[in-house]
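Enquirer: For reference, the chains in residue letters:
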Amino acid sequence: MHCRHLSLLFLSACLYPAYPATAGESLLELLSVLKDNGTISEAQYNKLADAVEDDLDAQDEEEDAENQLHIDTKGGLEVATYDGEFSFELGGRLMVDAAYYDESLNDLGSGTELRRARLDLEGILFGDWAYEFGIDFAGSDADIKDAYLSYLGFDPVSIQVGQFKEPFSLEELTSSRYISFMERALPNELAPGRHIGIGARRYWDSWTAAAGVFGEAFDDDSDDEGDEGWALTGRLTYSPWHHDLGALHLGGALSRRWTSDEDSAKFSARPESHVTDVKYLNTGKIRDTETIDRYGLEAAWVSGPWSLQGEYLGARLGRESGLDDISFQGWYLYGSWFLTGESRNYKFKKGAFGRVKPHARSGAWELVARYSHLDLDDGSITGGVERNWTLGVNWYINRHVRLMANYTRVDNNINADDDGDVLGNDDPSVFQTRIQADF
Amino acid sequence: MHCRHLSLLFLSACLYPAYPATAGESLLELLSVLKDNGTISEAQYNKLADAVEDDLDAQDEEEDAENQLHIDTKGGLEVATYDGEFSFELGGRLMVDAAYYDESLNDLGSGTELRRARLDLEGILFGDWAYEFGIDFAGSDADIKDAYLSYLGFDPVSIQVGQFKEPFSLEELTSSRYISFMERALPNELAPGRHIGIGARRYWDSWTAAAGVFGEAFDDDSDDEGDEGWALTGRLTYSPWHHDLGALHLGGALSRRWTSDEDSAKFSARPESHVTDVKYLNTGKIRDTETIDRYGLEAAWVSGPWSLQGEYLGARLGRESGLDDISFQGWYLYGSWFLTGESRNYKFKKGAFGRVKPHARSGAWELVARYSHLDLDDGSITGGVERNWTLGVNWYINRHVRLMANYTRVDNNINADDDGDVLGNDDPSVFQTRIQADF
Amino acid sequence: MHCRHLSLLFLSACLYPAYPATAGESLLELLSVLKDNGTISEAQYNKLADAVEDDLDAQDEEEDAENQLHIDTKGGLEVATYDGEFSFELGGRLMVDAAYYDESLNDLGSGTELRRARLDLEGILFGDWAYEFGIDFAGSDADIKDAYLSYLGFDPVSIQVGQFKEPFSLEELTSSRYISFMERALPNELAPGRHIGIGARRYWDSWTAAAGVFGEAFDDDSDDEGDEGWALTGRLTYSPWHHDLGALHLGGALSRRWTSDEDSAKFSARPESHVTDVKYLNTGKIRDTETIDRYGLEAAWVSGPWSLQGEYLGARLGRESGLDDISFQGWYLYGSWFLTGESRNYKFKKGAFGRVKPHARSGAWELVARYSHLDLDDGSITGGVERNWTLGVNWYINRHVRLMANYTRVDNNINADDDGDVLGNDDPSVFQTRIQADF
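Chains as they are written, first to last, in our numbering: chain A, 97 to 535; chain B, 97 to 535; chain C, 97 to 535.
Be aware that a few hints might be false.
If several chains are the same, the list does not tell them apart, and a pair holds so long as it fits within one copy or across any two.
Claimed, not checked - Calculated cross-link-like contacts (lysine-lysine; reagent style BS3-like; alpha-carbon spacing at most 30 Å): (1) Lys445 to Lys241; (2) Lys143 to Lys445; (3) Lys131 to Lys241; (4) Lys143 to Lys131; (5) Lys143 to Lys375; (6) Lys170 to Lys443; (7) Lys170 to Lys445; (8) Lys241 to Lys170; (9) Lys453 to Lys143.
If you're looking for bench data, these hints aren't it; they were derived computationally from the structure.
Full structure from sequences and hints, please.
Expert: Set out below in structure tokens:
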């Protein structure tokens, strides 16, 4: 039967979901006109119309089938079935930095760096299962970043297993593609980052909650013959309003980590510039540490092109009997202004910021300023204190390419000597630029 | 000429091979009806029909062209031309483990691990050439797994060049995605694994044969200034029946390796759990070893939801004159039962097992039990003897996601001391779970 | 309105750009015939025709949209929008080598090697931005190769930022997939290779120019606390004719590198075979080196199946006051003949050679012969002198698979002792083969 093959016309449509595949109906309309005019007989009409309708039915079935793919290449590659059951995305990011250090006491090593060179794979399997798998190649070895499975079947609750970021700190949870400065602020060192674990998250209208149990990172196996450390971490966020042009975000997080059998902890931080390897702030290994309690408070406010963001982070090390606890803390505050009128893109469900989409073909321009402070001096531990002022300008050339320039004035105290490797009280300035593309 | 462009309607069809692109014929049918009814003249009919037929011809040609792609995203991404000349598949696997060791004498280090994080690329070039390229990132460096080219032009013979598994051992040749326990059995240490080489395989109705010449693995270049070792390996399998619900598999393999100029060999094995780094069984470096002869016997039987599998593996080290040969051997036997009625999926041509496809949307459940034994004590070599009992349950949530739980009782002899690093005679228990996804 | 959905028929066409999506017009033609014959009334015609034309308009708009993808899988995967705004390509290359060394004084270590195992990602973002990101996994760690962004908006000028090859040397700039021998000639050691930097290129009718400022490679961070070295490099090429069957290429390049605060340089080279780790030529670390000036002259001539190629490269090390400058130089000359009539594929805009496309399904055969010479002896530096004769045969099985065999006679002087690690005056022969596929 020839007409069966008319379905071709409609099948092809399934690549374009915006246009429901009912072309057959306009042919029916023509047949109807021809019948009304007496051009074709009732019998002819019925035969032809039946054939077209058979095809419409066949097509409806086919539409439910899995072959119907949406393919997109606007930055990376995305292939998905329209029924949402399967998808596959492959992308990456490249960030190239150059830094000039206006050195005062110590050599910092001006130069260039491939800051991030990452491959990201993510997808959906059978509707309810999602995976993400990211690898960074920038540091000459291959570093696994996110590598987890999510179960989405209990929406609005989702469950994650694998390596991912502990739910802690607004800036930490915002992707490096979207942070407002080249490097996260000094106190970010107090956030726990990625570890292998299991977690759950859910969201309501203005609240989100996330919590998990975590072991160590996949590459922390130096002490494999002692038991790993583990941690409990939770975060709550509240956002009374969040829309395209504005948002208010408030949040808090708590975490306790029981250290591994090695009983040690260490905190260290570069001067908000990654080309150098000098970490002025450096506690060295703090032995006899049994627990690390962390707490964080977050706030962000976006109103049109203006926004403010700040966090306070602290860590308290519980030590073996006879030793005093040790406390570190830091905070930062920054402001951002889009000269070209865009707004920072708050993603409520994640409690983090996302991609900026320039309004104009010429891109978006943003001015940013930040103060940050981290104090790793406490008791017998002299990790140092640093205070940084940073001014920055970001040019979002398009949705996927960004140029950044940061100028930072660093103010170190006498203990900020990279655990003795450099001189303390060093106050250099940093001028650094980045070009980044993500795809 | 306008009608030329009608071909559009048909061309679009080529993405859907199940529906031959003959939609033009139903238009011809309509034109025919209109002509018969006298609605359009003979001349008009001829002109319109010619145009449609031209388009049908053009379309037929186009169908033979290479643009006709099959794209699939049910786990990973697959793009192939319908003529089979070219294809490209990108996928990966993630396996996340957690292990709790009920320790007796030694610390094993309970904790978590990213067991495998792999990217796999494979494809076909010009019909006769296939490639596969897999990289594992789980161990903080990037480990190349399969990396080879195959020539398929002599079907049923195929030829492989590159790094791939020597044809030896049923369990070794079964992908880590499909093995029935979290880790392969102890005697797997005696199988040669992946090396760079050239091999050929062919299959008949119930037999398969594979053989190859192999050098070293791509990362065995510590002794680069001496000549590499090399090996000859062959395997025969016989399967008198193999269908969807059952199979019988018998096989045997032989291998001789001439060691590199370093003249050494080493065998070691973890207690069927990979989170720990303790390898109770460990011969240390056995110097003055000139050849390693390996032999293996395999059997597997599948009948509906039930199956049994076992292997016996041995290795005999030929040593320099004046020194006695050394022999190691091991075996395992396991049974499997699918509570939900599925069968283990025997792939006859590969002589190995493949993916389990759950019958129900709720997944498949499998119970497994294994006994394994490996003896690395012989003569002056005291690598140790281990005997393990394992019970396991596998939940195949869908074709691509699996949860596993294994409980293993380990029984070590006095020499099972990780070459002196731990105490022998240790009899811990292991409880471990895995979530895995492959895409 | 039903007819709106006719657009489906045309939309589906956008996957086939060769067939402008005007199928609606042939329907209009039919309607017109029916109206002329009086089958349908003027009013009916108008209504139906309007609907079809609305659809044509909608379709025209849609055609400008980004959904229109070209997908290709002939070796790797390529997905591109037809408007050229976005594309994404994923591919790779595998090269497997085996070498047999006919040793005379020293052990070279015959054996096998995975020479290259590379993944390559490239694409276009918003028309004007291109990226490339290549990683090589062959050496057990992951080595970033090209990793850069290009701005193409000033065509014929393009600008590159990131890690890429300094514009220097015809053979260096020709991809390893397309070089005529298994390894580049000895003097290639004097070319600077890949570094992080920023560069610009442009082309005219017969000239091309490229220049850039470069820092260090992404993995040169051993001396991170001193400032990085940096370099200025430029290259000019002239090609009075270049077409499918012939080309003449002349070029020259200059480069000055200011060394990092470590003030050292080092040159070393394997005997044009990579399986061994012996680098007969090896200057060791040359301290007190402040600048490295490099110069290169290039020529290539292609006429049908015949071609010649040669280069002269030199490096002059400027040293601290009181120390004499040091000069190294080398050159090579080779000829190639395609028995099957193909021509080497000169890519004028890049000033380098590209892919050979066999004429016949049975592939292309090429004979090649090369003489190369490198002199790393000067003043107090005794890096050695080596002269190699190589004969080779290449079988291009198809566009993506190639077999190579090279026989090299090595002639070393007394200083060619791998900085003291092996004996000088060694004159081995090398027989090596490669199978390569790129996709």
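Enquirer: All hints, please: hold or fail.
Expert: Results for each hint:
1. Taking the closest pair of Cα atoms, Lys445 and Lys241 come within 30 Å of each other only inside a single copy of the chain (21 Å); across copies the shortest separation is 38 Å, beyond that limit.
2. In this assembly of identical chains, the alpha carbons of Lys143 and Lys445 never lie at most 30 Å apart, being 54 Å within a copy and 48 Å across copies at closest.
3. Proximity of Lys131 and Lys241 under a CA criterion of 30 Å is satisfied in neither setting, with 66 Å inside one chain copy and 67 Å between copies.
4. Taking the closest pair of Cα atoms, Lys143 and Lys131 come within 30 Å of each other both inside a single copy (12 Å) and across two copies (16 Å).
5. In the homo-oligomer, the alpha carbons of Lys143 and Lys375 never lie at most 30 Å apart, since the shortest distance is 82 Å inside one protomer and 75 Å across protomers.
6. Taking the closest pair of Cα atoms, Lys170 and Lys443 come within 30 Å of each other both inside a single copy (20 Å) and across two copies (29 Å).
7. In this assembly of identical chains, Lys170 and Lys445 lie within 30 Å of each other by CA distance both inside one copy and across copies; the values are 24 Å within and 27 Å between.
8. Taking CA atoms no more than 30 Å apart as the test, Lys241 paired with Lys170 passes in both settings, with 23 Å inside one copy and 24 Å between copies.
9. Taking the closest pair of Cα atoms, Lys453 and Lys143 never come within 30 Å of each other, the shortest separation being 53 Å inside a single copy and 42 Å across copies.
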